[in-house]
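Colleague: Single-letter residue listing:
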Amino acid sequence: MSAPIAHGLDAHLVVDRGAFRLDLRLQVAPGETVALLGPNGAGKTTALRALAGLEDLTDGHIALDGAVLDRPRGGGRWVPPEHRRIGVVFQDYLLFPHLSAVDNVAFGPRRRGLGRAEARALAADWLGRVGLGDFGKRRPGQLSGGQAQRVALARALAAEPALLLLDEPLAALDARTRLDTRVELHRHLAGLAGPAVLVTHDPVDALMLADRLVVVEEGRAVQEGDGESVTARPRTDYIARLVGLNLYRGTASGRTVRLASGAVLATSEALEGDSFAAFPPSAVALFRSEPDGSPRNTWRAVVAGVHRHGDHLRVRLDGPIRAAADVTPAAAAQLGLEPGQEVWAAVKAAEIRAYPA
Amino acid sequence: MRARPALALTAATALTALATLAACGGSGDDGAETATLTVFAAASLTEAFTEIGDRFEAEHDGVTVEFNFAASSDLAAQITEGAPADVFASADQKHMDKVIETGAAADPRPFALNQLVIAVPEGNPDGVTALPDLAGLDFAACAPEVPCGAAAQTAVDASGADLTPVTYEADVKSTLQKLTLGEVDAALVYRTDAIAAQDEVDAVEFPESATAVNTYPIAALADAPEPDLAAAFTAYVLGDDAWTVLETAGFQRP
Amino acid sequence: MPAKRTRQRRRVPAALLAPAVVGLAFLILPLAGLLARAPWTELPARLAEPAMLDALRLSLVTATLATALSLLFGVPIAWLLARGDFPGRSLLRALVTVPLVLPPVVGGVALLLVFGRSGLIGSWLHERFDVTIPFSTTAVVLAMTFVSMPFLIVAVEGALRGADVRFEEAAATLGAGRWTVFTRVTLPMIAPGVLAGAVLCWARALGEFGATITFAGNFPGRTQTMPLAVYLALQSDLEAAIVLSLILLAVSVAVLASLRERWTTVA
Chain A
0 MSAPIAHGLD AHLVVDRGAF RLDLRLQVAP GETVALLGPN GAGKTTALRA LAGLEDLTDG
60 HIALDGAVLD RPRGGGRWVP PEHRRIGVVF QDYLLFPHLS AVDNVAFGPR RRGLGRAEAR
120 ALAADWLGRV GLGDFGKRRP GQLSGGQAQR VALARALAAE PALLLLDEPL AALDARTRLD
180 TRVELHRHLA GLAGPAVLVT HDPVDALMLA DRLVVVEEGR AVQEGDGESV TARPRTDYIA
240 RLVGLNLYRG TASGRTVRLA SGAVLATSEA LEGDSFAAFP PSAVALFRSE PDGSPRNTWR
300 AVVAGVHRHG DHLRVRLDGP IRAAADVTPA AAAQLGLEPG QEVWAAVKAA EIRAYPA
Chain B
0 MRARPALALT AATALTALAT LAACGGSGDD GAETATLTVF AAASLTEAFT EIGDRFEAEH
60 DGVTVEFNFA ASSDLAAQIT EGAPADVFAS ADQKHMDKVI ETGAAADPRP FALNQLVIAV
120 PEGNPDGVTA LPDLAGLDFA ACAPEVPCGA AAQTAVDASG ADLTPVTYEA DVKSTLQKLT
180 LGEVDAALVY RTDAIAAQDE VDAVEFPESA TAVNTYPIAA LADAPEPDLA AAFTAYVLGD
240 DAWTVLETAG FQRP
Chain C
0 MPAKRTRQRR RVPAALLAPA VVGLAFLILP LAGLLARAPW TELPARLAEP AMLDALRLSL
60 VTATLATALS LLFGVPIAWL LARGDFPGRS LLRALVTVPL VLPPVVGGVA LLLVFGRSGL
120 IGSWLHERFD VTIPFSTTAV VLAMTFVSMP FLIVAVEGAL RGADVRFEEA AATLGAGRWT
180 VFTRVTLPMI APGVLAGAVL CWARALGEFG ATITFAGNFP GRTQTMPLAV YLALQSDLEA
240 AIVLSLILLA VSVAVLASLR ERWTTVA
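So the protein sequences, as listed, match chains A, B and C. Every letter in the first sequence is one number past the one before it in numbering that gives the first Met the number 0, and letter 242, counting from 1, is 241. Every letter in the second sequence is one number past the one before it in numbering that gives the first Met the number 0, and letter 230, counting from 1, is 229. Every letter in the third sequence is one number past the one before it in numbering that gives the first Met the number 0, and letter 29, counting from 1, is 28.
Treat the hints with care, as some may be off.
[To be verified] Derived contacts from chain C toward chain A, CB cut-off under 7 angstroms, selection only: (1) A162; (2) V164; (3) R165; (4) F166; (5) E167; (6) A169; (7) A171; (8) T172; (9) A175; (10) P187; (11) P191.
For the record, the hints were derived by calculation from the structure and aren't laboratory data. No experiment lies behind these values; they were computed from the predicted model shown. All C-beta atoms in this analysis are idealised placements derived from N, C-alpha and C, irrespective of residue type, glycine included.
Pulled out of the complex, with its shape left as it was, chain A reads as follows (with noise of 0.2 angstroms):
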């Protein structure tokens, strides 16, 4: 293992439990927001935990700052969670149900030693910042779930984190405060000075509140980078689903991608070897007979389903290349489409996207 760098986070999460490994390298900046990225038993919530201190790992390391907090091999080491200094804010906030939201938020900045009055003026002072100076007296019971997140936000900022750790921090919210609790989430992590690490399996969140996202799945990151490369060059069929695109590895040749199906795509750039090749459900044009004119990808393919999916119709086909495709009800309407329907689908090779495996 080399020397853990000396700001921000540097973390080897191992985490043996026979059936379930998770294996994670995760790196975060000063100021620097990751988000990691996965669907349901990936393994980011035990990630944010072991990085809390509250599942011990099994292997590698945590690194904060330069100070190791847990490292089970090479000497051994384990900072207890109350001595590591990273707040969190947990899915479902777990406020202290019998204490009032400025006692709650005072909670931190107490055990860091401060008097009660300093504590609680402190904790005022946090409540004000998210917007809530006249809720402190009440009960987590008497808020509602959007102040009962900001809360918690206060809460874990108020204790002045060295890392702010965030457990999919606007799942419990309906659609509408969601919105505006993700635009005030965002304001605060910009104004971090720490890194902060996000769990979440909304990509929109991830997006929206992210500098970086690592996407888990199955205990691995299995892809790593900016929003608009993720989401611009998925390497999964998750992410692929996730940011609505058609996902398909096959060997490239050229301007060809031949997929294990035996079914070739036309690209637009030029590539050799094992590759990726994705396009949009959009980009997909169906008709009752074979097209013709100029150069694109036309196959045979089998209507599977059909279902309504925002302003258009969402077409799934079976076939050589089983893919996803968006038609207006118009046209849907037009072709007739039910399932067990042949069509012909066509995608213009300058809409598919190719890139290296």
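Dock chains B and C against the given chain A, drawing on the hints supplied.
Modeller: For chains B and C alone, kept in the frame of chain A given last:
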């Protein structure tokens, strides 16, 4: 609604079980040849009356004698509250009088006397020979509310000594138990109790106990389910055969 | 319509109501029996009796001390049982409930065998420090604690198991050490369970008879609690016993009711 049959079933089962238990409690044998005699007797009579009961059964074919041994006060309360009993043998006149007052019994006959002794650990380590020797020792006595306690009080008063036990026990058995467990140096108990425990304790007779002789009266009860047997048993207890048993147990003849 | 629906939801199913009524009658009728037989005219005279007042005061003081001891030792035991991770935990849990099953008189004898003058610990105390526990007020408190602490442990353990451990984790991430987590988060959150346990414990201690009379004996003013006074009164005077019982009942109900009142208004 689905819970209802299950619940009803549970309730029915429970009630049936209770009813069965209740039935077991009563005297089941109604046959012409067999009869059950129920005797309520003071706890201090347990050993002697069990023996006397066996002998009585041996002389009377088909008769079963059932005993309810408890504190005389409890027995008196049970009888006046209507418990089905044939005979009452009390450890003192007072509780017999209570039963007589309510008309549940008449014509009580004294059948035994009992006196207090000072029970001490085997070998008498503290060398107790008289009541005043108890001064400075931890000793147990019965509470004044129960017959053996009333007797103890009378005896202590008669001795003129200033003696206070460390505990006023609810009955004579637990008074003696405090001695056998080693928690006290001496206990004021009935001679019969000390004799029953003679493997562990020695009995020291003292003259003042004569001022508090306890008389055990016996009476057949007015509402006895088996009046003839009740009379027969009462007479048997007063007879010589029963007396040999009582004497062995440490009782004196009235 | 909405009002009607709430009422519909609150209606008790008949299958529950019938046994509940029967059960309640079974629980309440004996009390009614006591009330019916109570010689009300004697009540004022009884209340003024110094012996009765001594017994009542002793009962209240010792039951409260026993509850305090049970809290002091029982809450940590409950924590061990609910949160501890050690071999033999289920065996320990079973052992803790032994006093619930043990006939109290046997419990009293067992206490004598340990703390008595010739008991395992008692003999040492007696020889080294000239301390004798039986027949003392201390013995009353010990006997009460022995029989009533399991009630507290069972209630608090249940509350601890029902409490969400994640609140404790949240407190830890805010810098609270384990003791602070326990006092500032766990304990306040399970307070209703602790209170319920303490009430059960106090009530059981107040009614304690068998272990007390066996272990502590019966000496007015020192070890004669109300149940002992009631039992002895029963030997000579049923009505006096009823009056004493009713006084004990009235006082305990009054204490519990005022406690509840205070707690619900504070919370």
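Colleague: Next, verify each hint and record whether it holds.
Modeller: Consistency of the hints with the structure:
{"no.": "1", "hint": "A162", "in the structure": "violated (11 angstroms)"}
{"no.": "2", "hint": "V164", "in the structure": "violated (10 angstroms)"}
{"no.": "3", "hint": "R165", "in the structure": "holds (5 angstroms)"}
{"no.": "4", "hint": "F166", "in the structure": "holds (5 angstroms)"}
{"no.": "5", "hint": "E167", "in the structure": "violated (9 angstroms)"}
{"no.": "6", "hint": "A169", "in the structure": "holds (4 angstroms)"}
{"no.": "7", "hint": "A171", "in the structure": "holds (4 angstroms)"}
{"no.": "8", "hint": "T172", "in the structure": "holds (5 angstroms)"}
{"no.": "9", "hint": "A175", "in the structure": "holds (5 angstroms)"}
{"no.": "10", "hint": "P187", "in the structure": "holds (4 angstroms)"}
{"no.": "11", "hint": "P191", "in the structure": "violated (10 angstroms)"}
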